[in-house]
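Residue numbers (the working numbering), protein chains in the order written: chain A, 1 to 378; chain B, 1 to 395.
Hints in this document: simulated from the structure, not taken from any laboratory. Ideal placement from N, C-alpha and C gives every residue a C-beta, glycine not left out. Check the hints yourself; a few may be wrong.
Ranges of calculated distance between the beta carbons of each label pair, as one might list FRET restraints [unchecked claim]:
1. B:Ala8 with A:Asp4: 46 to 56 Å
2. B:Ala66 with A:Ala277: 47 to 57 Å
3. A:Val264 with B:Ser376: 58 to 68 Å
4. B:Gln34 with A:Lys270: 54 to 64 Å
5. A:Ala18 with B:Arg116: 37 to 47 Å
6. B:Pro184 with A:Ile339: 55 to 65 Å
7. B:Ser139 with A:Ile339: 28 to 38 Å
8. A:Thr342 with B:Ala8: 52 to 62 Å
9. B:Ser376 with A:Ile339: 33 to 43 Å
Single-letter residue listing:
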Amino acid sequence: MYFDFSEEQYLARDSARAFLAERMPTTRLRQLLETDTGFDRDVWKGLAALGWTGVLVPEEHGGLGLGFLDLALPLEESGGALLPAPLVETAVMAPVALRAASPAQQARWLPGIAGGDLLATVALTGAEGLASPAGIGVRARPDDGEWILDGQVLLVPFGEIADLVLVAARSESGSGTDEVSLFVVEAGDRGASWQPLAGLDPTVRLSAMTLQSLRLPADRLVGEPGRGGGPLRRALEAGATSLALQAVGGASRALAMAVEYAKVRHQFGKPIGSFQAIKHACADMLVQCETTRSGAYYAAWAVDADDADAGAAAAMAKATCTEMFRSVSGAAIQIHGGIGFTWEHDLHFYFKRATYLAFALGTPSQHREVVAAACLAR
Amino acid sequence: MDFTFTPAEEHFRLELRRWLENHLPAGWGAPGYQYPKTYDAWVALRRQWDRTLHAGGYAGLSWPKAYGGRGATLVEQVIYYEEVARARAPEELGRNAKLLLGPTIIHHGTEEQKTRFLPRILSGEDIWCQGFSEPDAGSDLASLATRAVCDGDDLVVTGQKVWTSNATVSDWIFMLVRTDANAPKHQGITFLLADMRTPGITVRPIIQMTGSPEFCETFFDGARVPRSNVIGKVNEGWQVTSTALSHERGTMAFHRHAMMRVEFDELLDLARRLRRGGRPVADDPLLRQRLAQCHAELELLRWTLYRNLTLQLRGKPAGAEGSIVKLYWSELYQRINDLALEILGPASQIADGALAEEGGRWQFRFLKSRGDSIHSGTNQIQRNIIGERLLGLPR
């Protein structure tokens with residue numbers, strides 16, 4: 001029985017924390033708001049040099065060939081720094097989904113991902129969210145050995161700068177998981193158009209992707225046609241767990257800010273943290289943060305081990321950690337009073353990121369329904 | 001990370017599981033089992049269970065072998081509490097004495113005290129109640145006012161203790177008394193043991209909101225207690241109490257979790273069985289959401305306990321993290337039982353009798369859970385501890 005990370009994994013966390021503190025302080029985050037892409041390629045190259053983008057890529061494709069647990073703490077740190085980048089999509093979901101790809105496909109994409117040269121994103125969420133394949137808004141049909149894709153996907157993070165987009169599509173007739181196929185759309189493919197969206201979280205650049213008779217050669221299909229459900233599920237489990245870890249990182253930071261402020265802000269001649277109204281709110285934030293953290297770490301283990309419990313564990317972590325982040329960041333704003341409500345203070349970025357993490361890759365209530373189905377079926 | 005147990009630990013689990021199957025009354029835990037109906041019958045059953053545990057070598061789990069305990073490792077303690085909860089074994093009548101008093105005597109008692117008291121705690125021959133709280137000393141325990149005045153070889157005790165659970169059936173009380181009214185409030189306190197048959201001690205039962213008479217108040221009117229019954233030194237009782245809290249109190253939370261899991265699985269069954277509007281209650285989308293949330297939070301509790309256990313296994317003393325766990329499970333337990341009433345619907349209002357669902361156990365748990373955020377340090381006190389000790393907020 002040992003439920004903790006290893007020394008090496010903590011070292012990776014420390015280097016991640018130091019790197020992000022230096023290269024992605026919130027002053028930099030604010031500068032990026034004013035840029036076209038909202039993305040810092042130098043920082044990306046730096047984290048690729050630290051190995052993050054290669055952790056889940058096999059060694060024969062230029063990666064480190066490690067497991068999800070080796071990336072869990074850097075992911076948490078990326079959430080703490082509100083890193084504006086398609087990290088979960090590129091470093092986690094793409095390598096996991098591409099396990100189902102052919103050797104030629106892997107050789108085409110994975111080395112670039114590991115090396116920090118290729119950015120990936122995922123286009124999976126239809127208008128209904130992502131509870132089931134029914135929510136997938138893209139249809140694929142075979143045409144003379146090639147594939148033609150039509151449909152729209154909302155909420156594609158950093159889609160316009162991505163070099164490859166993982167797209168889930170249903171066959172014309174299909175509705176169940178068995179009829180899902182996974183495709184890779186590359187930047188420059190004709191038939192894909194992007195519409196930038198004004199995101200509630202301005203640090204995550206979202207776009208809607210519209211596919212109109214997009215023609216893809218056969219070698220863009222990942223795995224067997226209609227058999228993408230398995231790889232999609234694993235990618236989603238790893239992705240949801242990653243978002244949960246980022247939520248834990250973000251909430252830890254918001255809590256630390258609230259506690260620090262409660263120690264230095266004086267009213268009625270005392271630090272406000274000495275008042276139980278504030279002290280107990282902070283205690284509740286810590287309780288929420290630490291209990292959900294346990295769930296995120298357990299889900300990380302389950303994903304890493306490809307345990308039978310991974311689906312339920314990921315759903316629980318996604319729902320509870322992201323709702324915790326929403327609650328903790330909201331409470332942190334309240335504890336700061338007026339200054340917490342300003343644009344000048346950083347807390348609103350945390351509050352907004354919490355909503356993004358909660359609603360990306362399935363809403364909390366969709367994930368809770370997954371949990372309900374699992375526990376009521378026993 | 002590694003969630004497996006060693007072969008030796010698995011062996012301990014299987015051996016215990018078999019032992020429980022063989023020693024609990026036949027049919028215990030099965031639906032329809034007729035549990036005792038009265039407090040006195042429950043006490044008799046628990047008294048017998050304490051003896052059975054002792055005979056089986058499971059009393060004093062964390063106590064050193066030198067004092068008659070089992071000397072179980074932390075992981076074995078965890079396994080023990082998970083298994084007894086799984087088997088729904090009755091709570092030991094002597095649990096408080098084994099968890100709190102025994103380790104205190106082992107740590108601070110004289111050889112004579114150890115010889116005299118420890119074996120009878122383990123065997124269940126002596127039943128103990130705890131005399132800490134007073135009408136005016138609850139959360140602010142150190143303001144306790146029950147006086148003990150030295151007179152020759154005796155201490156003469158005058159005052160009142162409250163919430164002395166099971167005092168009516170107890171042989172002894174371990175208590176905190178004020179021996180120096182002029183010292184700062186944490187320094188004039190003494191840890192004292194008193195025979196409940198001592199003249200001047202009277203007990204009055206208090207009926208709890210569940211209807212059970214477990215609670216009591218205990219009055220001391222010039223009761224003479226030998227000085228040899230002081231544990232540690234006179235006026236050092238506060239330190240005696242706070243330094244001797246055993247590890248086992250931390251592992252008790254595993255028992256709590258495991259019991260809550262057993263009960264929650266019963267609640268899932270209930271939701272599948274009951275029907276409303278022609279459909280199982282388990283199909284109601286809102287109730288499904290709440291069930292899923294409770295299920296998830298129970299899992300979070302479990303994994304938090306295992307994270308804390310890992311820290312302890314590496315030698316970190318159990319600290320204020322216990323307050324996080326206490327706060328969390330007690331409020332979760334209330335949420336689960338609130339949900340149980342919602343699932344029962346109108347049937348929630350029938351608490352006993354032939355028409356009561358499942359013998360009224362949900363209503364009993366619902367009421368009992370309100371005590372869990374109060375006993376052993378109210379949740380407000382736990383929040384102070386978390387805020388001050390874990391977050392460093394000013395007092």
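Structure-based check of all given hints:
| no. | hint | result |
| --- | --- | --- |
| 1 | B:Ala8 with A:Asp4: 46 to 56 Å | violated (21 Å) |
| 2 | B:Ala66 with A:Ala277: 47 to 57 Å | holds (50 Å) |
| 3 | A:Val264 with B:Ser376: 58 to 68 Å | violated (33 Å) |
| 4 | B:Gln34 with A:Lys270: 54 to 64 Å | holds (59 Å) |
| 5 | A:Ala18 with B:Arg116: 37 to 47 Å | violated (59 Å) |
| 6 | B:Pro184 with A:Ile339: 55 to 65 Å | violated (40 Å) |
| 7 | B:Ser139 with A:Ile339: 28 to 38 Å | holds (34 Å) |
| 8 | A:Thr342 with B:Ala8: 52 to 62 Å | holds (59 Å) |
| 9 | B:Ser376 with A:Ile339: 33 to 43 Å | holds (39 Å) |
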